[in-house]
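K.L.:
These are the residues of each chain, in order.
Protein chains: 2
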Amino acid sequence: MIDARGYSAADAQSRLSLFRFEREEGGPHDVTIDVLYCGVCHSDIHQARNEWKNTVYPCVPGHEVVGRVSAVGANVTRHALGDLVGVGCMIDSCRSCEPCTSAEENYCEGPNSWLATYNGPMVPTSKATTGENMYGRDNSYGGYSNVIVVSEKFVLSIPAALKPEVAAPILCAGATTFSALKYWGVSKGQRVGVVGFGGLGDMAAKLAKAMGADVTVFTRTSEKLQEAARFGVTGVLEHDTAALQKLSSAFDFIISTVPERHDVNPFVKLLKRGSTLCVAGALEPMSPVNNQDVAFHRRSVAGSLIASLADTQEVLEFCAEHAIGPDVEVIRMQDINAAYDRVTRGDVRFRFVIDMSSLTESEIE
Amino acid sequence: MIDARGYSAADAQSRLSLFRFEREEGGPHDVTIDVLYCGVCHSDIHQARNEWKNTVYPCVPGHEVVGRVSAVGANVTRHALGDLVGVGCMIDSCRSCEPCTSAEENYCEGPNSWLATYNGPMVPTSKATTGENMYGRDNSYGGYSNVIVVSEKFVLSIPAALKPEVAAPILCAGATTFSALKYWGVSKGQRVGVVGFGGLGDMAAKLAKAMGADVTVFTRTSEKLQEAARFGVTGVLEHDTAALQKLSSAFDFIISTVPERHDVNPFVKLLKRGSTLCVAGALEPMSPVNNQDVAFHRRSVAGSLIASLADTQEVLEFCAEHAIGPDVEVIRMQDINAAYDRVTRGDVRFRFVIDMSSLTESEIE
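Chains as they are written, first to last, in our numbering: chain E, 1 to 365; chain P, 1 to 365.
Next up, chain E with everything else stripped away, as it sits in the complex (with noise of 0.2 Å):
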């Protein structure tokens, strides 16, 4: 076993503080990463505060892990000891489904679904209905850690322009923008809206921006408008009805990334003909969308999920290719509590990395 140290939550009420765990050795397939920097997700707040009413405590959260590889197993062959690696949201899938063998494991369809970096599996062992549970294990713990063992096929590249801080957020808030973006089919010249202007709509309003297209974010941050200036995009305030009336049937595509229940009725009117609201930020009962302003225009209301490893490859790589990546602010990991604060009233531009180097520094809170 190895020794691991982290941070986690204990149960939903909690602060995250120190905790001390075994992670298994790596098998011949593994890969095992000294974690340097782990982005902070709202998802982690979530998870970490059992608003998905699923998690499993203790819960090491994080899903935007780069590392350097300290150890491989010896039929480990894409990765070396020292490389710059990456984990994002997955760390295993059933790899034998109709989505996992066409390279679409974060939409796999095996009996767990695919294996999450933190609070895996979907259905933990205790609630499974049919059998054993498949990944053999109750649960898993994320990045906001030391150290972290995963399978060589669900270790990701990191490109050596990209800065390792910067690259962290670029597995789970830039794959899954990218993700949408690409499936959807955005292009130069089309207009694009993004709703919701923190970690993910920072990333997909400068991949969108990359891809060629004009982009439109909308926010209910006043003091955003001028951050959207600053990348080039167009703000726009969630409120300002004026606004939103002039752009009535403009946008080839809507991405909205808000992290929970809201009314995209707005936005859905923003739509041109035959166009696409993806709701790739929530993952919860939406308030009700009027079909009529759907059915008007032949307009279609999607949601979709995280990203396939090739599309997360992807992402790293055009982020590199067009010298992008997310504004960070990176903290110690014992500032993490107040960071969760901060991203909850939307005090973030616009990603919160936890240097993990701090874990050594200082142990106590």
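As a list, the in silico DSBU-like pairs of lysine-lysine whose alpha-carbon atoms are at most 30 Å apart: (1) K246/E with K53/P; (2) K272/P with K53/E; (3) K153/E with K272/P; (4) K182/E with K182/P; (5) K272/E with K188/E.
Here are a few chain P residues that face chain E, going by a calculated C-beta distance under 10 Å: (6) P99; (7) N106; (8) Y183; (9) E284; (10) P285; (11) F296.
Hints are computed from structural coordinates only; laboratory data are not their basis. We put the CB at the ideal spot given by N, CA and C, even for glycine.
Go by the hints and put chain P onto chain E.
P.N.:
What follows is chain P alone, placed relative to chain E:
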């Protein structure tokens, strides 16, 4: 002016009754039609009872109109005296917007959208804020009448192989469902679900089957399971959760034909990864859709509205070629109020069609 007779609702509470009115004489591009049959669409009931809060009274419903040409304007070239013709949901559109010039008049983006066959224009003059109503009228009177005058472009040709009373419901129920099935690419070997088994559901099931799909209809009415078997399609009760469970991720496309707000979540789960559920029957805010079920399989919930003129003509010919059509129950005009009550409680297999010759037999109910 032409003296016309029809049946109208005087207000939201009134039963329909005889109504004498005048229609404008046809101009050089117009076709005057002696109405033979008119289908009874659930929309007629919504509109007569002001359930969409936009009814202009008196309201003469009817947008599944089949009749014989009794006069043509000097410039009419498509239709001739004595032709059997049809009129669907629209009698005009702006003719200049992008959808109109792309043969998708049903998505007209002109200032008043397309002109509905009855209760049109969508924005009545009295409520228009952007200058004069482009169609120059406050209301339109539909096919529950003995005569109708329509611009030739909006008049369809009824193939000789179709009986006129069978052709009538194809003009809305058939066209609306055909348009969605065609747009989402339903094809041989696919599995297609039809939610709701009334007038639209009947046509959707028959059309999808004729396109080569394996069709399942979902109904609340156990008596309709036999009807499904009779049509050669599978019937499943909407509340049979065990049956629905077995159909998870099984469908390539699902069309909902339920004519009011309803919960699509149980059917979203039946879609294959990347597939679409199209709401074609309801025009109101739907029940909240759980984005977890949508996003986890990159599904879409879409809407579509009636059909273009081209698709309407195409479905008439498709039905003639495949020898399919709605199951109809022919009624007298005087029976309309009882028919509305029966439609409301789902007691029709599957479409009432009014024999308009009844209007001359007795003008007093």
